[in-house]
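Throw the hints in and build the complete structure from the sequences for me.
Number of protein chains: 4
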Amino acid sequence: MKEEKVFKDPVHKYIYVQDATIWDLINTREFQRLRRIRQLGTSFLTFHGAEHSRFSHSLGVYEITRKIISQFERNHYDDWPKEERLLCLCAALLHDLGHGPFSHSIEKAFGTRHEDWSCRIVLGDTEVNRVLSAVSPDFPKKVAGVICKSYDKEIVVSLVSSQLDADRMDYLLRDAYFTGVNYGTFDLERILRVIRPYKGHIVVKESGMHAVEDYLMSRYQMYWQVYFHPVTRSAEIGLHKVFARAKHLYEEGYTFGFMVEPILHLIQQNISLSDYLLLDESVMQTMLIFWSQEKDGILRDLCRRFLDRKLYKYSTFEPSDQALIQRMEQVMAEAGFDPMYYMEIDFPSKQSYDVYRPGEPDENFPILLLDHKERLTEISHLSEIVQSISGIQMGKHRVYYPEELLERLSVEKYPELWALLGERD
Amino acid sequence: MKEEKVFKDPVHKYIYVQDATIWDLINTREFQRLRRIRQLGTSFLTFHGAEHSRFSHSLGVYEITRKIISQFERNHYDDWPKEERLLCLCAALLHDLGHGPFSHSIEKAFGTRHEDWSCRIVLGDTEVNRVLSAVSPDFPKKVAGVICKSYDKEIVVSLVSSQLDADRMDYLLRDAYFTGVNYGTFDLERILRVIRPYKGHIVVKESGMHAVEDYLMSRYQMYWQVYFHPVTRSAEIGLHKVFARAKHLYEEGYTFGFMVEPILHLIQQNISLSDYLLLDESVMQTMLIFWSQEKDGILRDLCRRFLDRKLYKYSTFEPSDQALIQRMEQVMAEAGFDPMYYMEIDFPSKQSYDVYRPGEPDENFPILLLDHKERLTEISHLSEIVQSISGIQMGKHRVYYPEELLERLSVEKYPELWALLGERD
Amino acid sequence: MKEEKVFKDPVHKYIYVQDATIWDLINTREFQRLRRIRQLGTSFLTFHGAEHSRFSHSLGVYEITRKIISQFERNHYDDWPKEERLLCLCAALLHDLGHGPFSHSIEKAFGTRHEDWSCRIVLGDTEVNRVLSAVSPDFPKKVAGVICKSYDKEIVVSLVSSQLDADRMDYLLRDAYFTGVNYGTFDLERILRVIRPYKGHIVVKESGMHAVEDYLMSRYQMYWQVYFHPVTRSAEIGLHKVFARAKHLYEEGYTFGFMVEPILHLIQQNISLSDYLLLDESVMQTMLIFWSQEKDGILRDLCRRFLDRKLYKYSTFEPSDQALIQRMEQVMAEAGFDPMYYMEIDFPSKQSYDVYRPGEPDENFPILLLDHKERLTEISHLSEIVQSISGIQMGKHRVYYPEELLERLSVEKYPELWALLGERD
Amino acid sequence: MKEEKVFKDPVHKYIYVQDATIWDLINTREFQRLRRIRQLGTSFLTFHGAEHSRFSHSLGVYEITRKIISQFERNHYDDWPKEERLLCLCAALLHDLGHGPFSHSIEKAFGTRHEDWSCRIVLGDTEVNRVLSAVSPDFPKKVAGVICKSYDKEIVVSLVSSQLDADRMDYLLRDAYFTGVNYGTFDLERILRVIRPYKGHIVVKESGMHAVEDYLMSRYQMYWQVYFHPVTRSAEIGLHKVFARAKHLYEEGYTFGFMVEPILHLIQQNISLSDYLLLDESVMQTMLIFWSQEKDGILRDLCRRFLDRKLYKYSTFEPSDQALIQRMEQVMAEAGFDPMYYMEIDFPSKQSYDVYRPGEPDENFPILLLDHKERLTEISHLSEIVQSISGIQMGKHRVYYPEELLERLSVEKYPELWALLGERD
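Residue numbers (UniProt numbering), protein chains in the order written: chain A, 1 to 425; chain B, 1 to 425; chain C, 1 to 425; chain D, 1 to 425.
A hint or two may mislead.
Same chains, same label: a pair holds when it works inside one copy or across any pair of copies.
What the hints assert, rightly or not - Heads up, simulated DSSO-like pairs for lysine-lysine below, C-alpha to C-alpha not over 30 Å straight-line:
id: 1; residue 1: K82; residue 2: K5
id: 2; residue 1: K413; residue 2: K5
id: 3; residue 1: K141; residue 2: K199
id: 4; residue 1: K13; residue 2: K67
id: 5; residue 1: K141; residue 2: K295
id: 6; residue 1: K396; residue 2: K413
id: 7; residue 1: K82; residue 2: K13
id: 8; residue 1: K141; residue 2: K310
Simulated from the structure, these hints should not be mistaken for lab results. Bear in mind the structure is a predicted one, so any value in this text is a computation, not a measurement.
Laid out in structure tokens, this is it:
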């Protein structure tokens, strides 16, 4: 490129584009589509500032990756494979390309996986693919490999996906900025200064341990305060119920007053790539708007609740209250609420975000500290703080249900149930 | 209310709700709809962070108004009409209620006015109206009066709409925060400390003049850097062209492959209140998505350009170049672009935002400084900075057109046109 | 007071003074003296921004206390003793009044205690005493009681001194701001919202547990990154050595080329209140400047090192290296460095700052969480994070010594010592 | 240097040192002395946060210069003389080296000039000189040349001293940060992006005009709100009076109870370089402390006022009130105040800071905009805002005097004087 281009960004101040390939990728229609998908799904119903898109997050991940690589190059580290620069940058930029609207709810309802879609977009007949192919014929495949973690150089994959990757670093800072909570802030510049390539890994200088502790604590706080927030979860459940109902109606042969092809194909579970690319949150919300005028009372009601933010309330319960919860289902049906759509039970382990658990099988790339004798040690062996976070089991048992249920529930008849539901957290 | 409630807000840290009426208004479906309308219309295509909604801005205007009133009450100012507190708060919260999707483009294409819609929602058969009526039967009318500036107490109206009102103060801070530019920051706390009620006006203590200068300079910078940004303007033009084409097609009897009732009624210019409330940016974007598959080539092309951010380029010209611009129309038609849809000329005065012009007839409430001898003076008489801003004519003459035009334009044949368009700013 | 006064403050934006007593206290010469004593002692030699004074910190502690009380009053909490407001504010403002220059080094060298001096100033013949006496004759005694924790209402004392007090909250935020590290930031507004008076204690609503965790983590990070920083410790040791040498010289009958009375009396350990009030960091630094021209070579050298920031280096060692360290003393003497002045050993427990240890005898006021059943639980029983922090033993064994020592140490002769000292952290 | 070193800085986050020469300069005793001289002189008595030193500012100027040069190098601008890099960095770091304690007051009282002292330190027998000489024998001379603006390459000089130099950029940001006002913030990164070397000048791309306007407005606001603050001015006057009295006493043969050599030589106006280097604000304050116990009543009183912040009050007057002011002198003498020490008149033009005045003879390097046709235009020709700032005459006529004067002034006898002084701004 003749001249560096910049994007003004509230989190990183500026995002610097120095490669024509990156510039062209940003200008593809598939990447522009990410402007119409929120980064935090239903969180905007809990934190009204959380209206930012995956577009801005993707630029941020790219920028952090660019900064890391530029630091590696400035310091002439021998263990850094210089030739992988553009591959890293492209994978960083495109790693979320396959996200659909309200991903978590959609994925659960229809069994799609955004990582698969990212690769399909990179490899399919798309503008993105054409830009990547211009670099070299096998370049799209390499990018897909990094995104799906099958690429054979750990150091490249781990810049984008590991316990201390550009993805997590950007989303913690960005989500903290837009929600307005200040738990997610950590010293990015310091972390960038203490990481380095070492024998095929990205490692952290031991003297940077406290900076990494701080980053992990931010993550811990963000999970509790933002990502696992029960109101956000309630909204996700609401959406999931809408799709479950629509699917059920479709299977029963119901004729929808309003339907568009991409959604129909999604329900039929045979959605094509070009249909998938038409799906964004505006289409999804438009469905909700017009489905809130459907004949089917349940569908209509579920859509209205989401749009008007009349979300389900929730109560925590102990595992020992299991019987009571089963009882609740019966009572609910009696009160005129189909428990299939008007009740949901949440177990801690069902959450889709992770915390730091170095021992887990899917945690291929834990955080390694490099000491002055060139020994590598996994951080939780040296940091008591990290160890304490690793052990904590996230989440509570919660039951979600419509607020009106309580009104219809007689205290005399169901005292224990009343006691349980009356006790909100 | 039993207990104060709060919203986490990135700009004001927290927004405090102390009245049940305010809480209930926020929970109405009409107010929740504002979550689906962006505060800055098409600006997100220029500044990717500008994805925040009118919902968050409305809460912010409410919060600043609450702070101002709370300061007035704490200082026991005699000139403050205590009984107007709730009225001010409601009007502040609801002043943007009638905004439709991409307001500026829509209003221009279909002749609607958001202020009128705000009043129709406040006075019509809505949840908002029911909440307000519970205060007193004539309360909705009073709220509408403040919003439409017909209420008879200047002091109440000017808190919400004047040269130094809660609306402007919130949007400068908020838009600066979300775009990431730092021009819009000024010392809100200091301004709150120097304003006070005085003989029916909101005035500023003379010693606060520099704080107000700083606020007006922020405004000046935000207008140039953000609100008047030509890329944003280009996107607005793009949208306006889409609607103009759709209207033309409708009038010609064209059958749309995709259409929903509220949009149809908007085009027919007989949209009802309940239809209007269904309109939000998700519906509008969904139209663009499916219209990008229409038979009509122009409609299809215009929609695609907006969705994929292939916006028109622009060149500045001097008023003396007028003839050249007329020439351009001809050339454009020859090159296969209908100038009606593929060209737009922008004059400085056509902008929909204002700068500070104390002498103008619509500027009922200029900024008055109160000195220690209790004299009131309009600020531009005392501040040279403000005077210099007041005199500046905003904007440039610009012509917008598709980038491909240049490729089809022969330098030999049209040297002057080439010179004009080649010179971008 | 006729009108509220404000101070511009970088941490709290503004500090609001609403009582004439507070205004008058700030204007006393004893309080103004705090402008000439740095908040963080020798830390400015590690973090060059840490040049802020106890004056600004004291205003900050006052302001946080004011905010807490104002929240208590706004919520009409029954358990808040309204009549104690002014007492709390005065004690908050004055709690650090007795600090001398470079307190930690001075206190260690001469056995003074700043808490005692605070009370002597409050009770002695001072401007502060006259302002307090004007409130009521026994008011100075009450203020001194709160500062020395002997006042009989826990709730009053604990606002100023407890695990979650205005003092700690201000210094974490302020020290983070001025050093530029961002570890010390936590959500002050949220903490203020979740604390309340309850049966004679200040307690935290259980739902605020994560906010308190975040505050404690900030504290943990600040201790490691700032307060316990070994370079700061090295500078403290340097100062302490200067005073030790001066005291030794005085006892030997040495005639100082430069001496002022307050320092002389300090060395003689019979310093009067009026002398003490003349002592500030400018006097102390002036001593160092002119002592750096003394006949005594050791005194001269020690002063120069501090002024020119030629601080002692440090190496960590294991408790098992004890014998080696003793060996080092001998070697040092042979190399011409008197170990009394040129060497210092640091054990973790000697630090003067504390971490959160709920079980310790001096921790009268641990952090209590109040749940919705009105049960009080100490936080480390509910939070694993807090528990993990509580257990961590701070600090390392370190030896401090002049950098030149290494040059004079033969590797062949002292291989183990070389290995130890060569290994810096 | 083997490895880049960093300083944590609150304004720039980190300051990067990449050259051994810079590292060595920072560690000289002459540079370390700057830690003991406040950046803003007496401003800390107005803004309690303004306690930062010239040490941190000097590092900041260095860092901005480093960033500018690094941008020039990254873009391979032909007009940038690469070989001048280290010279620029050293001059940037050392440009304030000659500042004495409370420079403005001292310079006025004793006729010294800090620029001259900077050069004397660079060229004299100092650690700084030894470090610079190690680069090349004529290097100290070149550095002194840049500092004193006699070096023959404008581009080098103007990086350090011009209307848009690293010095001003750092102090605006830094002083805003430490005082806590937010007027001084501007978009440093953007300014760095729009400046470039061009035919021997540092110029600004025309598209960056608004960023420069914003910077100049920040400067304008900082001058009014911070640098010209009348309370700061009052403190400066207080100090100046102390020195004037001491000089007078010395000339009369008075024997001081407390005196140190460097101050004596300063009064005698034959201070040597080594004496000058002993002078810092701690010595100056120590003088004030012990002079506040002198026999001479006026000296004692003046010192006390400064230390205890009992500063002179001030009133504004019109040029036409001149006669009244002369009258005031008489009255003052009658009231027992020697007008030589207890009164000061301030004219706008006497201030030592400048505003942007492109036409003035000493403004060698105004701000030039470079348009796309490679024309250079001075900014005030294109920007109305800048033009309006340039024309504004700063300051007011003010008279400063002890607050007690008013008490001793009979309203009946001196009604006009009462009216004048009673009217504070």
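These are the hints, each one checked on the structure:
Taking the shortest alpha-carbon separations for K82 and K5, both the intra-copy value of 22 Å and the inter-copy value of 24 Å come in at or below 30 Å. Proximity of K413 and K5 under a CA criterion of 30 Å is satisfied in neither setting, with 68 Å inside one chain copy and 33 Å between copies. When the C-alpha separation of K141 and K199 is checked against a cutoff of 30 Å, the pair qualifies only within one copy, where the shortest distance is 25 Å, while the shortest distance between copies is 48 Å. For a Cα distance limit of 30 Å, the shortest separation of K13 from K67 qualifies both inside one copy, at 13 Å, and across copies, at 16 Å.
Taking the shortest Cα distances, K141 and K295 never come within 30 Å of each other, neither inside one copy (47 Å) nor across copies (35 Å). In the homo-oligomer, the alpha carbons of K396 and K413 lie at most 30 Å apart inside one protomer (27 Å), although the nearest pairing across protomers, at 63 Å, exceeds that limit. In this assembly of identical chains, the alpha carbons of K82 and K13 lie at most 30 Å apart whether taken from the same copy (26 Å) or from different copies (28 Å). In the homo-oligomer, the alpha carbons of K141 and K310 lie at most 30 Å apart only across protomers (27 Å), although the nearest pairing inside one protomer, at 45 Å, exceeds that limit.
In terms of the numbered hints stated before, the structure departs from hints 2 and 5, listed from lowest to highest.
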